[in-house]
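Student: Chains A and B, in that order, give the protein sequences.
Numbering follows our numbering, in which position 590 of the first sequence is assigned residue number 592; successive positions increment by one, without gaps.
Numbering follows our numbering, in which position 434 of the second sequence is assigned residue number 436; successive positions increment by one, without gaps.
Note that these hints are calculated values from the structure, not bench results.
If you're wondering where the values come from, they're calculated on a predicted model, not measured in any experiment.
Copies of the same chain look alike in the list, so a pair counts if it works inside one copy or between any two.
35 Å max Cα-Cα, derived DSBU-like pairs, lysine-lysine:
1. Lys245 / Lys232
2. Lys650 / Lys300
3. Lys232 / Lys650
4. Lys650 / Lys666
5. Lys232 / Lys251
Read off the chains here:
2 protein chains.
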Amino acid sequence: MILSALLTSVGINLSICSLFFTLYSILRKQPGNITVYAPRLVSERKLEEGGQFNLERLFPTAGWVRRAWEPSDDEFIETAGLDAFVFVRIFVFSLKVFTFAGIVGTLFLLPINFMGTQIRDNSEFQNKSLDSFSISNVNNGSKRLWIHFCAAYVFTGVVCILLYYEYEYISSKRIACFYSSKPEPHQFTILVRGIPVPPGWTCNEAVERFFMDLHPSAYLSHSVVRRSSKLQILVTDAERLYKRVTHLKHKDNSPQRHRRDGFLGLFGHKVDLLDHYEKTLGDIADNVRIEQSSLAGKEVPAAFVSFKSRFGAAIALNIQEGVNPTQWITEQAPEPHDVYWPFFSVTFIRRWISKLVAFVACNALTILFLIPVALVQGLTHLDQLETMFPSLKGMLRLAVVTQVITGYLPIQILQLFLSCVPAVMIMLSSLQGYISWSQIQKSACTKVLWFTIWNIFFANVLSGSALYRLNYFLEPKEFPRVLAEAVPAQASFFMAYVVTFGWTNIASELFQLIPLFYNYVNRIFGGECGEDFEAPSIPYHSEIPRILFFGLLGVTYFILAPLILPFLLVYFCWGYIIYRNQLLYVYVPKFETGGEFWPTVHNYTIFSLLLMHIIVIGIFGLKKLPIASGLTLPLPILTLLFNEYCQKRFFPIFKAFSAECLIKKDRDNQNNPNMSEFYDKLTNAYNDPALMPIKYTGRFRSHRSPLLSNSRCKTNNTESSSEDMLV
Amino acid sequence: MILSALLTSVGINLSICSLFFTLYSILRKQPGNITVYAPRLVSERKLEEGGQFNLERLFPTAGWVRRAWEPSDDEFIETAGLDAFVFVRIFVFSLKVFTFAGIVGTLFLLPINFMGTQIRDNSEFQNKSLDSFSISNVNNGSKRLWIHFCAAYVFTGVVCILLYYEYEYISSKRIACFYSSKPEPHQFTILVRGIPVPPGWTCNEAVERFFMDLHPSAYLSHSVVRRSSKLQILVTDAERLYKRVTHLKHKDNSPQRHRRDGFLGLFGHKVDLLDHYEKTLGDIADNVRIEQSSLAGKEVPAAFVSFKSRFGAAIALNIQEGVNPTQWITEQAPEPHDVYWPFFSVTFIRRWISKLVAFVACNALTILFLIPVALVQGLTHLDQLETMFPSLKGMLRLAVVTQVITGYLPIQILQLFLSCVPAVMIMLSSLQGYISWSQIQKSACTKVLWFTIWNIFFANVLSGSALYRLNYFLEPKEFPRVLAEAVPAQASFFMAYVVTFGWTNIASELFQLIPLFYNYVNRIFGGECGEDFEAPSIPYHSEIPRILFFGLLGVTYFILAPLILPFLLVYFCWGYIIYRNQLLYVYVPKFETGGEFWPTVHNYTIFSLLLMHIIVIGIFGLKKLPIASGLTLPLPILTLLFNEYCQKRFFPIFKAFSAECLIKKDRDNQNNPNMSEFYDKLTNAYNDPALMPIKYTGRFRSHRSPLLSNSRCKTNNTESSSEDMLV
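Construct the entire structure; sequences and hints are all you get.
Tutor: Written out as structure tokens, the structure is:
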């Protein structure tokens, strides 16, 4: 790629993004779009739709930037939760790193690269190949490479220092959030699995006897989990029907209410649909009641056990309870609305098998993903298509068609495949036996991360089939050389990738094209359903890997092709403002892990550094500077030692709270007069929602439906979530 | 090697062993040898030296076999401790495994191997090469190899089942021992490190305040560790002098008591040595007192914290105490006499560096050990010696000299090197920051295990330099093929190794040649020192790796050359009886880990199985049976899954006791009237022995000397050891 081509691409993408931003700043002010651009405020009833018209609405303004910028860290955490804060800190951290890298890169490395003469490129400045700006252009054996060597050391040092302070800052926020939180059920509760039930006993009795015996003063209550998969299906059916009924009731006695009761609604008698639905709903409700009463016997050997204090729960959690370590296995309970109930419904052996299947499938998908993609990319070979479909010959020879099929279609199909990956990974993770949605998302996040590295970074760098690439990994000795040859060659591709894919991605995140379109369609065809409105939640498992991947590109290409850094800085600047805006006004958190995504970010950054070191070692080898290559070897070792220290220093804080924290918090609560009320609610906090009694206010109003929808969307932050569940 | 040569070797070694056994059964009955053959009874005062002469003493009898065989498992544990029991269980387990393997091997595999015609060996039966009995003789692509395939599966299954039941049995014994134990200080105590001392406070105050605050009901007392390396040297000096003084006092007023006080005792005035020593001892004792009083300020930020109950200690141990995970780091305290005090004397940063040094040194030693050995083995090239020392030419041409230098010397030098390895590994482990002798021995045991595998198994199998062998490990794909070619070729070498090295080793263990020799010398020159008699303790770190290595040979060669199995069975049979005898009558346990060596044995056996699988996969490939090779692939995976399960099922039991056990034991003790007395003693149990006050009964009788020697040798079993320390 030549310089002018890159600049053209930058220009085009800049104008697309500006267009998006302008449109956004106008459209967001239209009252009709409020469910698209501020659904969070709607769901929290802080803002009503509609309002008076004024002229300002039609002009683009940047007020949203100010509003997204203004809130302080603590205000932001208060509103959006610690997880959202950690998400935004990824941008802050990246901005710090790449500002430093950008200064070093443009002031020192870029001139040195450009002054080299290794690539004989005598064209004019604007027609120069981008390779002239990369390390490939530095002459072999040149003394100037020592500046690159120093840059690698200094950059690694700066990144490590920043990582350390960031980890420390987020740890302190996590502890501060814990101190300022109200009592929440999951702090007092553990999940116990593998309960050995003596013959003649019920699980209920076994749990009570065991904990009353071992922790007589701390034990409060427990609720045994029941196998409720069949019931869950019935309840879902009931809920769907209930929605339809209320929808029909809202409308007048229109002709839509009547339908024939025969095949496809075309034959048979005309019936009132409302009556029909109400009758079915009644039947289902009866079934639910029968099923619920029969469930008493279907106990799963697992229970949520609640304690009177957080420290009491921590004791039971941390000390192996039973003599046999495979029994009485304890685990911290998730927030009540975060529990993944279907997990408990499958039997132990099926869960074990599905865990294995998920593991194998995830690895197979990651490694072999390129096989279907390669088949699709066979489209570039038009001649094969011609022989297969001779009738298309005429059409395929048109220049436009050729360009679309060969140039555009494969990339789009690849993107289509890639966009399915997070959903597939969520599915695989949910098979793996996690007990909460937050754990499923965290696990899926890691899976998508590795998938991205393998299928975007390595796929582009090491071309060839997947199995051919696997071969490289079986010959670790050759690894630095192969990477050093291949990675710089792809610099211009990844620069274009940042500019096109990165920038437009951020802009379209702000613009929310699909919800906007859906909203218009909805308004035109009148499918509104105000009461059931659910604000979306941010899909961390697909967003975090995408952002971190740009970080990986920045770290690995900092030494090789510093020209990529300004584009990345633009990406992270926009990302910072836009995601703050989205998290404050669009997304509603579904759960609160207390910043547990940060260790993933930390580890990934360490991985990026190590990858960079390996490439740099290879590069110095290729550039005939073996001393520099050898002297770089301590760098990955020092980085690993640093990581080891961070794991010791900070990671335990993200796994569990210390005795000091727990006891302090417990003592604070001792003087709280509301605690006895809280204990009462705690006792029922972990009942399976499918087992809640169905009561009708009026004729068919289910008592549990509002509670369910509540638990899904109204858990805006740590404090209110617990209240929602308990009040 | 041919069959008759092997049989000759067997004959020679059998007669050597019989000679040893006969001599032992006579010599052990001589009263003078009682400190060699029953030092344990002497040190426990159960048996006095001397006795009446009778004729039976001069005839070999097998009464010792009966006496070693008789005690039941529980009696054995009672006498020798759980660690010794675990040690003997290695033999029991190996006997079970190799009895099964021996039956399958001799009935099925050996005939099939022998019927093959791959190796064209038409010599008579007794001149047949041993390779005719190995898998190398089976024809390529033969259907009979499927029997080997089945044998691999069945054998792995049987070993896994035996491993499972053995792990279960030892776990149950460990828990039973815990239940039957008296209260011991280390059950109630934890070691806390990284104590943050606020400015103006002492460490003492910080610890007390912190634990009084967090665990007010459970906390009992603590003792802060002090830096006492200088004092330890003084105390050792004092002890040595004290011994000399008592030795001199025992003797009459002999001329030995007088010596000149000048250079080397040759010049100057004649002085009475006793007076001289007593004066010096007095000076040292004064120094010790001064040093002890000045030590009060030299606190190390570490303390032994004792609790009122075992469960209380477990809570403090298992829950991270402080907010900062690098502070208040807790660890289970070792038995008081097992504490490795020098460890506390070095500063943190020196400890960290020495840990790193130990790690690097251990790996370097293991990998590069063969370099000095290769230099020594250069002796086999006599022509080089001749050119270096021309004057030796005449001597070097003598046949005897040649044979000794080329055939005998290198092996002996190699054995000499090898015999130093356990001591070196102990030294490296003690640098690594372990707080107790038992942990140091466990760590050294693992180090010696890997050293043995690398330097005896792989060194013999993959000939060539160490770096050349390292190369194989960097090409994992080639690994099965290389092993499959090399391992069967060494079958006859390892058979000879078992017969010569294994058998004689066991016999000399029984015969105790060196202590016997030392005892005679001592008796002739009259260097006896009855009071200070110390019974030896078994060096687990050198014995366990040796025995397990024979197990590894058996497992890997079971399929390849089943002829090795009968010899191994003889080894394990003898070993079982002889080590039972030694553990009951010779060795005194220095510490009691509660069977924590078993997980090492388990993991090593799993490793042996995996190694066997890799070799078998390679063998089937070489023998042109790729289907069998592919079908063997699930075997290592299944073995790893089995190991994973065992780790989950049993390993936690060896790390810590469960809440159920601890609480039950605590409740048992609540009714014990002696507990308040025990608590009083617990308070002082973890004082540094170097800081104990020196009191003299008479003029120079140190009060602490007996206590020290007590703690070193009189810790015969779990129960009495704690009593010794506390009474």
